[in-house]
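Asks: The chain contents come next:
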Amino acid sequence: MLVVTFAGARISGNPFDYLYDDGLTAEQRAELSAEFGLDRPLPAQFAAYVGALATGNFGVSIAQRRPVLDLYAEALPSTLVLAVSAFALTLAVGLPLGVLAAVRRGRFWGGVAMGVAFLGYAMPHFVLAIILVLVFGLALSWLPSVGGDTPWHYVLPTVTLAAGLVASVVRFLRGEMLEVMGQDHVRTARATGLSGPRVLWGHVARNAALPVLTIVGLQLNGLINGSLIIETVFALPGIGQTFVGAVQVRDYPVLQFGVMAYALVVVVINLGVDALYAVADPRIRRGGATRMAEA
Amino acid sequence: MTPPLLSVRGLGVTFATPFGPVRGLDGADFDVAPGEILALVGESGSGKSVASLAVMGVLGPGGDGARVQVEGSAIWDAKVDLLRAPHRPGLAMVFQEPMTALNPVLRIGRTIGEAVARHDGVRGEAVTARVTTLLAEMGLPDPARVARAYPHELSGGMRQRALIALAMACRPRLLIADEPTTALDSTVQARVLGLLAGLRRSHGLAMLLVTHDFGVVAQIADRVAVMYGGRVVETGPVAALLAHPAHPYTRALLAAVPRLDLARGEALPAEEMPGTPPDPRHPPPGCRFHPRCAVARPGLCDSGPPPAPQALGPGRAAACHLLAA
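Here the protein sequences come in this chain order: P and E.
Numbered according to my numbering, the first sequence spans residues 1 to 295.
Numbered according to my numbering, the second sequence spans residues 1 to 325.
Source of the hints: derived by calculation from the structure; they are not laboratory data.
Just so you know, even glycine gets a beta-carbon here, dropped at the ideal spot from N, CA and C.
Incorrect hints may appear among the rest.
Claimed, not checked - Calculated Cβ distances over 12 Å to all of chain P for the following chain E residues:
1) 14
2) 36
3) 91
4) 122
5) 151
6) 169
7) 222
8) 283
What the hints assert, rightly or not - Derived CB-CB ranges, DEER-like:
9) 133/E x 195/P: 51 to 57 Å
10) 218/E x 178/P: 50 to 56 Å
11) 17/E x 124/P: 40 to 46 Å
12) 19/E x 266/P: 28 to 34 Å
13) 17/E x 195/P: 25 to 31 Å
14) 123/P x 121/E: 31 to 37 Å
15) 282/E x 225/P: 29 to 35 Å
Said to hold, decoys possible - Cβ-to-Cβ under 7 Å is the rule here; a few derived chain P residues that face chain E:
16) 53
17) 57
18) 64
19) 65
20) 67
21) 184
22) 185
23) 187
24) 191
25) 203
26) 250
27) 282
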């Protein structure tokens with residue numbers, strides 16, 4: 001991971017070529033290189049990088065001459081707000097819509113639910129973002145479309161980011177619901193005289209939602225990718241912006257930290273999803289009550 | 001004679017399949033008296049399970065033309081929907097497959113507790129107490145621990161007892177049991193049958209027992225209804241019917257029961273009844289059994305449906321051309 005980001009960043013170009021449009025004299029370039037340690041052989045640079053990481057020093061931005069950590073810390077709240085609200089919106093819209101799609105399958109509202117889902121699935125983030133900006137930002141002027149100053153600024157990015165996730169929640173939940181509905185234990189629940197809604201929400205939706213939640217968890221990875229594009233389109237001052245900005249000027253330390261942090265987040269999410277499986281499904285839980293023998 | 005607890009007349013069920021409609025049940029009639037155990041027997045596809053599920057109202061759409069009454073009041077509604085099960089007070093069901101019939105992500109106590117809350121209208125501690133009592137009544141040791149367990153933590157026999165506890169939580173007067181012991185090994189099977197017999201004695205419970213096992217029938221049932229091709233072909237008290245089967249199908253079915261008193265290889269029972277049960281998509285004309293019947297008379301059995309069941313003695317009847325002739 002470290003090697004790939006380190007090498008990849010250096011292969012793609014030199015930050016000074018991008019930062020100074022007018023060009024630099026040989027002396028200026030040498031001076032800057034020395035300041036950031038880029039004049040040393042690559043193995044030595046790599047050793048210094050890893051050594052600094054081990055002591056918790058993530059380096060200084062070449063473009064902005066500020067600690068990398070500070071840059072990301074400033075951008076984090078904006079991205080967190082976006083991610084959390086998109087996730088909440090996904091669950092708030094996706095779960096009822098998924099249940100609707102299953103219960104009313106083959107009928108009008110089921111078709112509507114699936115139509116919404118497929119639309120969200122088929123539409124790339126950036127297309128939806130631009131459509132939303134055109135309609136709500138420019139034509140209707142209801143919502144701001146650029147920047148992150150007020151809560152209203154987050155509405156369009158959140159909707160954009162949630163759209164794809166809603167689509168997959170609806171599709172997966174519908175499939176799971178239909179499968180669970182056919183299972184024997186649902187018949188048992190009905191035979192005990194439980195009311196329809198009780199069976200639907202307490203037995204069918206409950207059992208169906210568990211695998212769906214884990215799938216959604218895995219898609220948080222996609223949510224992170226999406227936030228890169230969306231923050232750029234809506235000019236939200238988040239982590240994605242910081243990262244994309246760093247790519248554009250080959251700001252090595254910022255780039256390296258960004259990739260590393262994303263990799264870490266992906267690992268943590270996957271771990272969290274696995275843990276969620278165990279919470280959700282008692283059959284996977286370890287160290288629980290042992291199998292009872294026939295007495 | 002006491003009026004029947006459950007009375008079923010002309011119960012038909014049609015399944016919509018990719019190959020067109022299939023008549024799974026074609027006008028079945030049977031009664032269960034209070035406190036009586038009626039066994040529905042027949043081959044796979046005879047309609048015995050379908051009949052039990054339809055009476056319980058958990059079959060989904062497709063039922064028709066029936067008059068189904070519990071204690072004289074009609075419970076039949078042809079428009080049953082998967083998630084809008086009609087509540088059938090006085091009825092409860094024990095299912096065949098204890099592995100899958102319990103919700104895998106809920107603790108046993110929670111599943112049974114839901115039924116207790118529904119039928120007793122109680123909450124909290126009272127539910128827990130009743131669940132524990134029910135599980136103990138099923139002969140489960142350490143009922144409090146079983147209540148905290150998930151279905152996968154229990155053995156097959158324990159799960160089946162938990163399922164029976166769940167059914168008893170509905171305070172039924174009629175228990176419908178669909179092959180309740182088929183998935184269990186034989187020692188556990190005997191104990192579960194003993195439990196059901198005990199419940200009948202202690203609660204005055206009537207049962208509709210669906211089975212293909214004449215051993216189970218002989219052990220626990222009072223009366224038998226033999227089904228073939230979606231209809232009841234013979235009914236009667238267990239001892240009389242097993243000793244002197246009247247319908248050729250019942251005779252063939254009984255002859256197919258493996259016996260321990262025959263020498264190896266002697267009189268292979270398969271000879272008794274050639275062929276397979278009728279394809280419900282294309283039922284044979286006339287009596288449904290005639291293509292496999294050893295005594296069928298051409299011109300009679302293949303020409304029209306068999307007559308209404310002929311009374312053959314106390315509580316006995318069979319639907320056969322030859323008996324009517």
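Asks: For each hint, tell me whether it holds in the structure or not.
Replies: Hint-by-hint comparison with the structure:
1. At the 12 Å boundary, the C-beta of residue 14/E stays outside the reach of chain P, the nearest C-beta of that chain being 19 Å off.
2. Separation of residue 36/E from chain P is adequate, the least Cβ-Cβ distance of about 21 Å exceeding the 12 Å criterion.
3. Not every CB of chain P lies more than 12 Å from the CB of residue 91/E, the least distance being 8 Å, so the non-interface label is violated.
4. The beta carbon of residue 122/E sits about 15 Å from the closest Cβ of chain P, which is more than 12 Å, so the claim that it is off the interface holds.
5. Consistency note on residue 151/E: stated as away from chain P, yet its beta-carbon is not over 12 Å from all of that chain's, at 8 Å minimum.
6. With 12 Å as the threshold on Cβ separation, the claim that residue 169/E sits away from chain P is violated: the shortest Cβ distance comes to roughly 7 Å.
7. With 12 Å as the threshold on Cβ separation, the claim that residue 222/E sits away from chain P holds: the shortest Cβ distance comes to roughly 24 Å.
8. Residue placement check: residue 283/E keeps its beta carbon more than 12 Å from all beta carbons of chain P (closest about 27 Å).
9. A C-beta distance of roughly 24 Å is found between residue 133/E and residue 195/P, which places it outside the suggested range of 51 to 57 Å.
10. The hinted range of 50 to 56 Å is not satisfied by residue 218/E and residue 178/P, whose Cβ atoms lie roughly 42 Å apart.
11. As the Cβ distance of residue 17/E to residue 124/P is approximately 41 Å, the hint placing it in 40 to 46 Å holds.
12. Between residue 19/E and residue 266/P the beta carbons are some 49 Å apart, a value that contradicts the proposed interval 28 to 34 Å.
13. Range check, residue 17/E to residue 195/P: Cβ separation about 30 Å, and the 25 to 31 Å hint holds.
14. Range check, residue 123/P to residue 121/E: about 50 Å between beta-carbon atoms, so the 31 to 37 Å window is missed.
15. Look at residue 282/E against residue 225/P: about 57 Å separates their beta carbons, and that is not inside 29 to 35 Å.
16. For the restraint placing residue 53/P at the interface with chain E, the shortest Cβ-Cβ distance is roughly 43 Å, beyond the 7 Å limit, so the hint is violated.
17. For residue 57/P, the interface hint is violated, since its Cβ never comes within 7 Å of a Cβ in chain E; the closest pair sits about 47 Å apart.
18. A distance limit of 7 Å between C-beta atoms decides the matter here; for residue 64/P the minimum to chain E is near 51 Å, and the interface restraint is violated.
19. Evaluation of the residue 65/P hint against chain E yields a violated restraint, the C-beta minimum of about 55 Å exceeding 7 Å.
20. With its C-beta approaching chain E no nearer than about 48 Å, residue 67/P sits outside the 7 Å limit, and its interface hint is violated.
21. The closest approach between the C-beta of residue 184/P and any C-beta of chain E is roughly 4 Å, which is under the 7 Å cut-off, so the hint is satisfied.
22. Hint status for residue 185/P relative to chain E: holds, with the closest Cβ pair at about 4 Å, below 7 Å.
23. Checking residue 187/P against chain E by beta carbon gives a least distance of about 5 Å; that is within 7 Å, so the hint holds.
24. The interface hint given for residue 191/P is met, as the beta carbon of that residue sits about 4 Å from the closest beta carbon of chain E, less than 7 Å.
25. Taken as an interface hint, residue 203/P checks out: its beta carbon lies about 6 Å from the nearest beta carbon of chain E, inside 7 Å.
26. Residue-level restraint check for residue 250/P is violated (minimum Cβ-Cβ distance to chain E is 51 Å; threshold 7 Å).
27. Because the closest C-beta pair between residue 282/P and chain E is about 4 Å apart, less than 7 Å, the hint holds.
The structure fails hints 3, 5, 6, 9, 10, 12, 14, 15, 16, 17, 18, 19, 20 and 26 (numbered hints given earlier, in ascending order).
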